[in-house]
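K.L.:
Take a look at the letters that make up each chain.
Protein chains: 2
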Amino acid sequence: MELSRKELALLRALATRQGRKKSGCCRCEGLRAVRELLAFYPEKVKFAAVSESASGVFECAPELLRIVPDKLFSEISGTVSTQGIIAVAQIPPEASGEIKGNFVLALDQLGDPGNFGTIARSLRAAGEYELWYTKGSIDPWGDKAIRSGMGVQFGLNLRRFETLEELALAGVRMGVKNVFIADPHQGESCFTCNALFDRSIIVIGGEPNGVKGAYPDARRVIIPMPGDYESINAAQAATVLIFESVRRKMN
Amino acid sequence: MELSRKELALLRALATRQGRKKSGCCRCEGLRAVRELLAFYPEKVKFAAVSESASGVFECAPELLRIVPDKLFSEISGTVSTQGIIAVAQIPPEASGEIKGNFVLALDQLGDPGNFGTIARSLRAAGEYELWYTKGSIDPWGDKAIRSGMGVQFGLNLRRFETLEELALAGVRMGVKNVFIADPHQGESCFTCNALFDRSIIVIGGEPNGVKGAYPDARRVIIPMPGDYESINAAQAATVLIFESVRRKMN
Numbered sequence: 001m002e003l004s005r006k007e008l009a010l011l012r013a014l015a016t017r018q019g020r021k022k023s024g025c026c027r028c029e030g031l032r033a034v035r036e037l038l039a040f041y042p043e044k045v046k047f048a049a050v051s052e053s054a055s056g057v058f059e060c061a062p063e064l065l066r067i068v069p070d071k072l073f074s075e076i077s078g079t080v081s082t083q084g085i086i087a088v089a090q091i092p093p094e095a096s097g098e099i100k101g102n103f104v105l106a107l108d109q110l111g112d113p114g115n116f117g118t119i120a121r122s123l124r125a126a127g128e129y130e131l132w133y134t135k136g137s138i139d140p141w142g143d144k145a146i147r148s149g150m151g152v153q154f155g156l157n158l159r160r161f162e163t164l165e166e167l168a169l170a171g172v173r174m175g176v177k178n179v180f181i182a183d184p185h186q187g188e189s190c191f192t193c194n195a196l197f198d199r200s201i202i203v204i205g206g207e208p209n210g211v212k213g214a215y216p217d218a219r220r221v222i223i224p225m226p227g228d229y230e231s232i233n234a235a236q237a238a239t240v241l242i243f244e245s246v247r248r249k250m251n
Numbered sequence: 001m002e003l004s005r006k007e008l009a010l011l012r013a014l015a016t017r018q019g020r021k022k023s024g025c026c027r028c029e030g031l032r033a034v035r036e037l038l039a040f041y042p043e044k045v046k047f048a049a050v051s052e053s054a055s056g057v058f059e060c061a062p063e064l065l066r067i068v069p070d071k072l073f074s075e076i077s078g079t080v081s082t083q084g085i086i087a088v089a090q091i092p093p094e095a096s097g098e099i100k101g102n103f104v105l106a107l108d109q110l111g112d113p114g115n116f117g118t119i120a121r122s123l124r125a126a127g128e129y130e131l132w133y134t135k136g137s138i139d140p141w142g143d144k145a146i147r148s149g150m151g152v153q154f155g156l157n158l159r160r161f162e163t164l165e166e167l168a169l170a171g172v173r174m175g176v177k178n179v180f181i182a183d184p185h186q187g188e189s190c191f192t193c194n195a196l197f198d199r200s201i202i203v204i205g206g207e208p209n210g211v212k213g214a215y216p217d218a219r220r221v222i223i224p225m226p227g228d229y230e231s232i233n234a235a236q237a238a239t240v241l242i243f244e245s246v247r248r249k250m251n
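Note that the protein sequences, when read in sequence, are chains A and B. Position 175 (the first sequence) corresponds to 175 in my numbering; numbering is contiguous. Position 87 (the second sequence) corresponds to 87 in my numbering; numbering is contiguous.
Here chain A stands alone, though its shape is the one from the complex (with noise of 0.2 Å):
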């Protein structure tokens, strides 16, 4: 099938935040992201279109395919060096009701969407659930957002607050006992501070300051560094993080 003009303009426009907020969809580019929706989250995608070139390396249902010539393509696309795939899904509504899995990680203005997306497939990966985020991070719905964390975030409890107290409060308020910051200088360690994933929140901010919120009652975690040079990211740190509680769980 061929892309309409309607869907060329919707294609266009969700390039932009805005564009998101009005049509309620976004953009997912990339062969492997657009395979995983489509193998988890069939019921979200309105169409994929695929440039001329790449329509022979891609499969999906009829109804769905609209092949694109390269040139119109390549001026829709938000790569460089396109892999000539695009899917258009329906962002799902905002996570409501109860946390799922042992722990929250929380993303406090974090503004690089490439850290945002290997946080969340990290996650991902170790079977949790909860990424919930503050104003000045970076909207997880974003074309470098869903590329980065190729699509993962369908399968996330995404919630969106205020302010890092808001946020702690509202995970008080559904049973959550304690909250951590991740502290780059000081702090319980992260390999040895029991209550960490028990029903807690996770705070990392982004580099090289940490967190910028703040909240009372937190306390400080810090992954132990032996070496002489502390220069780890956001995303580094939380995959730390992340894959202590999976080493806990598997013992």
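Note that these hints are calculated values from the structure, not bench results. Careful: at least some of the hints might be erroneous.
[Said to hold, decoys possible] Selected chain B positions facing chain A (Cβ under 10 Å, derived; list incomplete): (1) Ser122; (2) Leu158; (3) Pro224.
[Stated by the list, open to error] Once the Cα atoms are required to be at most 27 Å apart in a straight line, the calculated DSSO-like pairs of lysine-lysine come out as: (4) A:Lys249 <-> B:Lys144; (5) B:Lys177 <-> B:Lys135; (6) B:Lys249 <-> B:Lys177; (7) A:Lys22 <-> A:Lys144; (8) A:Lys21 <-> A:Lys46; (9) A:Lys144 <-> B:Lys144.
Keep in mind that this is a model prediction, so the values were computed, not measured. Think of the CB as a built atom: it goes at the ideal place given N, C-alpha and C, for glycine as much as any other residue.
Following the hints, complete the assembly by docking chain B onto the known chain A.
P.N.:
Chain B alone, transformed into the frame defined by chain A:
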């Protein structure tokens, strides 16, 4: 001081692997990377080119400083939105001699400079030193690898091999007891394998197919992923393994 014509030519040449090989130097771009370089390895720095707009925020010994007009600077810079500082530094000779630290992290055909830099920083933060790699991996002294690694390359023992087998055999000759290959699908759990960091080599491959090279006596190690989604990248996998070594050191 002004940038000489020779220095300008060098800055341009260092964007290519050939230029680096010929001169034995590399380019280190970004405020933080250059600051670290000057703090830890000042003897390696030949000079630092700073754009006129950035000259207020950066301080270094006047004999190293070269002020460059903004327009020329953005032409030299490898980034889209430049921070306005590039240092030219001597590439250290390839590491030789004994293995330093508890284990070797080896990269088999890892082509992504972002992943390379992330892994280098995790290793350095963990207080380890040996980062080996095979042909087909990214040049550790390329622009992007240095930006992503923030210059930690200078503090690591980097060693290059033609194949994974040569790498493994060299390790065994130097007293390595076990070679572990990180495998996305099967193997001993990285959280319970006792020998994992005991004079071993741990091999990480480019995503998503894992390690391409072979070594007959290698053991397989897996990062358990309870989620229904296996999609952490090479840098995340390496970070999990590296910080598991930190956890054991701390206990």
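K.L.:
If a hint holds in the structure, say so; if it doesn't, say that too.
P.N.:
For each hint, the structure was consulted:
no.	hint	verdict
1	Ser122	6 Å, holds
2	Leu158	15 Å, violated
3	Pro224	5 Å, holds
4	A:Lys249 <-> B:Lys144	37 Å, violated
5	B:Lys177 <-> B:Lys135	23 Å, holds
6	B:Lys249 <-> B:Lys177	19 Å, holds
7	A:Lys22 <-> A:Lys144	19 Å, holds
8	A:Lys21 <-> A:Lys46	16 Å, holds
9	A:Lys144 <-> B:Lys144	19 Å, holds
When the structure is compared with the earlier hints, violations turn up for hints 2 and 4 and for no others.
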